[in-house]
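> First to last, the protein sequences are chains A and B.
Its first residue numbered 1, the first sequence is counted upward by one per residue in this note's numbering.
Its first residue numbered 1001, the second sequence is counted upward by one per residue in this note's numbering.
A few of these clues could be false.
[Claimed, not checked] Every beta carbon over 12 Å from chain B, so not counted as near; a handful from chain A, in silico:
1. Q6
2. K9
3. L11
4. K14
5. E15
6. G16
7. Y35
8. L43
9. S95
10. T96
11. R108
[What the hints assert, rightly or not] Examples of chain B residues toward chain A, derived with CB under 10 Å:
12. L1075
13. R1080
14. D1083
15. T1084
16. S1086
Note that these hints are calculated values from the structure, not bench results.
The model shown is predicted, which means the values in this text are computed figures rather than measured ones.
Even glycine gets a Cβ: it sits at the ideal position worked out from N, Cα and C.
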Amino acid sequence: DGGITQSPKYLFRKEGQNVTLSCEQNLNHDAMYWYRQDPGQGLRLIYYSQIVNDFQKGDIAEGYSVSREKKESFPLTVTSAQKNPTAFYLCASSSTGLNGYTFGSGTRLTVV
Amino acid sequence: SQQGEEDPQALSIQEGENATMNCSYKTSINNLQWYRQNSGRGLVHLILIRSNEREKHSGRLRVTLDTSKKSSSLLITASRAADTASYFCATGPSSGGYNKLIFGAGTRLAVHP
């Protein structure tokens, strides 16, 4: 079945530690996106990538980094510079043209 | 920046009733989409309406778009307990390129048996 897989489902980070969230899709979608969702709020765009080896900052990129070395993969690193990383992180992908997004099931990151 | 604002923030109804959620946005758009999110899960795409369309149906869902008022509504008819979820509108930019969506804060719908 085609889809988008995020791992891990739950992640705990210590203060000052970098962590990487995985996002893999087998839908052959060109574009991939990372969103952050805080409790009771909407989604805010962190980074997006329209093509391999290229990505752009979204509205809240500070303290985050990404890479897009393969079409299928778009990992997100939450660095120690992100002061309030506790949130629900959602990865999505889309094909060219006017289409909806396919979302992963999310990673819940907690700072301990 | 959040483009869309849903109204109401929360809605509580009985099974069988209709549920109407509204979305307002600020700038010109190419398309508007509605998504559903069950608690703690990812979003699921429900319906897409283009800026030159006024109404669209999908099963028990009916979406309207009024570009002059910069608003959209999602109607769920004959609601079921399984419709309990948060519903988000998302707008796509009017300029070209990939459809980079901006999401609103969502409406939390509770359908009681």
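> Flag every earlier hint the structure violates by its number, smallest first.
1, 2, 7, 8, 9, 10, 11, 12, 13, 14 and 15
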